[in-house]
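Visitor: If you want the building blocks of each chain, they are given just below.
Protein chains: 2
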Amino acid sequence: VDVSELGEFALIERLTKLVGANASPDVVVGPGDDAAVWRSGDDFIIATTDTMVEGLHFDPRISNWADVGWKALATNVSDIAAMGGAPTFALVTLALPKKAPVEALDSLYEGLNECALVHGVVIAGGDVVRAPQVVITVAMIGRAVAGNGEPLLLRRNTAHYGDTIAVTGRLGDSAGGLRQLRFGASGDEVLPRRHMRPTPRVAAGLAAVRAGVTCGIDVSDGLLQDLGHLCEASGVGATIRASDVPLSGELRAAYPDDALELACTGGEDYELILVGSQPALDGVPALTVIGEIVDGPPGVHLLDNDGNQIKFERPGWDAFRS
Amino acid sequence: VDVSELGEFALIERLTKLVGANASPDVVVGPGDDAAVWRSGDDFIIATTDTMVEGLHFDPRISNWADVGWKALATNVSDIAAMGGAPTFALVTLALPKKAPVEALDSLYEGLNECALVHGVVIAGGDVVRAPQVVITVAMIGRAVAGNGEPLLLRRNTAHYGDTIAVTGRLGDSAGGLRQLRFGASGDEVLPRRHMRPTPRVAAGLAAVRAGVTCGIDVSDGLLQDLGHLCEASGVGATIRASDVPLSGELRAAYPDDALELACTGGEDYELILVGSQPALDGVPALTVIGEIVDGPPGVHLLDNDGNQIKFERPGWDAFRS
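Going down the list, the protein sequences come from chains A and B. Taking my numbering, the leading residue of the first sequence gets 1, the next gets one more, and so forth. Taking my numbering, the leading residue of the second sequence gets 1001, the next gets one more, and so forth.
What the hints contain is simulated information worked out from the structure, not anything from laboratory work. Note that the structure is a prediction, hence the values are computed from the model and not measured. Hints are not guaranteed to be accurate.
[As the list claims (entries may be wrong)] Some chain A residues flagged as far from chain B (calculated, every beta-carbon gap over 10 Å):
| hint | residue |
| --- | --- |
| 1 | Val-1 |
| 2 | Glu-103 |
| 3 | Asp-106 |
| 4 | Asn-113 |
| 5 | Val-135 |
| 6 | Arg-179 |
| 7 | Leu-206 |
| 8 | Arg-241 |
| 9 | Glu-250 |
[What the hints assert, rightly or not] Which bits of chain A does chain B cover? Going by a derived footprint, with three or more residues having C-beta under 8 Å, they are:
| hint | stretch |
| --- | --- |
| 10 | 53-66 |
| 11 | 220-232 |
| 12 | 261-275 |
| 13 | 283-293 |
No residue lacks a Cβ here, since even glycine has one placed at the ideal position from N, Cα and C.
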């Protein structure tokens, strides 16, 4: 059996079992959520890591290096935001071919630094190794808000029947932007910029845990797939009203026929999906309510205005099967 | 200019400047040492990251996956030991080709878990991505011993004229073992095992900071090169007596003519070089004194019994030039 037969999510499940991290009483969250959390003295530390591989996660012919640097940090910041925490420090590992031009590195670090500055992150160290292609791995450390000696977190496994489902921002712009970039659009246009310079929702995540929301995930693989992970972890179903999925005017204008599909399956939006009681969600500014947690087996149903289910060919991104 | 013209160490220096990490008052040690250190509440957190790339850092034809897993974790534990800290948590990122066999992963995690167990490390999370070859990145978090509200650390820049230079263990076994592996030796033999299953010196590092030693580095690139980094950071010179460099009986027997060169330039020993006053070093068990810090420009002189300098063709490992 090879990993492409297994698929990304069965693979993660297998590796999670192999690790068996709950060995330490200091571990609050082990493998399987957006980030790990452990107790350190009176603090709760959140840690995550994310990798971008040249040719798979970015294409230097269509992204400039500063954008790649921004995004490498931003995806990690988003994982911390998806736990309801605030990012603090990062380690950056670069794998580089011998022939990598030094100017590309300067530009990459410009983007890393810009994203770090905006999110109050300090790049405290890292590693440089040689490799056949550029691989950027960021490990990000953050801190959880604590209340009564316990961390206030957004988990995947705390959705309950009757909860409301809401999202930050607009969905699908990133996938629309990637499509435009592939057809030669400039990186300065609206949708391409949303693809290359995503804004992680740290403030929304912090507001959510302070308002008593305990369930959330970020949209990295696509709304339906990421919400599906959350339903799986919580053992609940979800219905989403297609007409309530927030789409930008730019996306509707560029792809009138595909905007909904891009929003539901495109991924890399780095918006937050927040799940909780309506009063708790009311404490988070600028959310869009898109559906409810329902009884029944885990799974997400996207419904049109007549209550009929809408299905797409590909529900979202699987790194090993796609 | 590309990175191979610049070389690994000029590249690290350039990236260190690009980061400018001392932006936060919580940063105790920024880029440029074995690991980063920052204050988190009353604690001092140490963090490091290290990457192994298939075909460059390991060859699956001569190493089994369990050994690769052990070493991926051990090199990071060694960086924490080289700061005088204790490792606590790790994140493991795997980049895998689609055709990676699942059994190899089981075996890789067996080695990771074994090393984690021995060193009291919890693998708390990670990431899996697709890539053309296997890349294993570990981010390791540790804790520094604190005294009077300040962390007790082994730094590179605290060597002083007159200090004694000592090392843990024996040097060169790893390089000798790699040579034997390349000539078909089994991984169960003594030297190959030292190459594939290095033992990071956590206890020695902790004993050193408790005894008041403040200067050290681990041997990853080779004794002369790593001590050279330390001299550079401290602005001092060093002399090493060749006859005092600790060599194992196995290494002398296998490579009677090259044992000293392997010990001085081979690297991947993951022993600690500790530099301090003789009374402070006396507080660390089982060290071998090999030389002194001397006046003069940064640089390491290896001397034979007549006081003549011994030079080798290649001083150590440079990932981009080698």
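Visitor: Flag every earlier hint the structure violates by its number, smallest first.
Guide: 1, 2, 3, 4, 5, 11, 12 and 13
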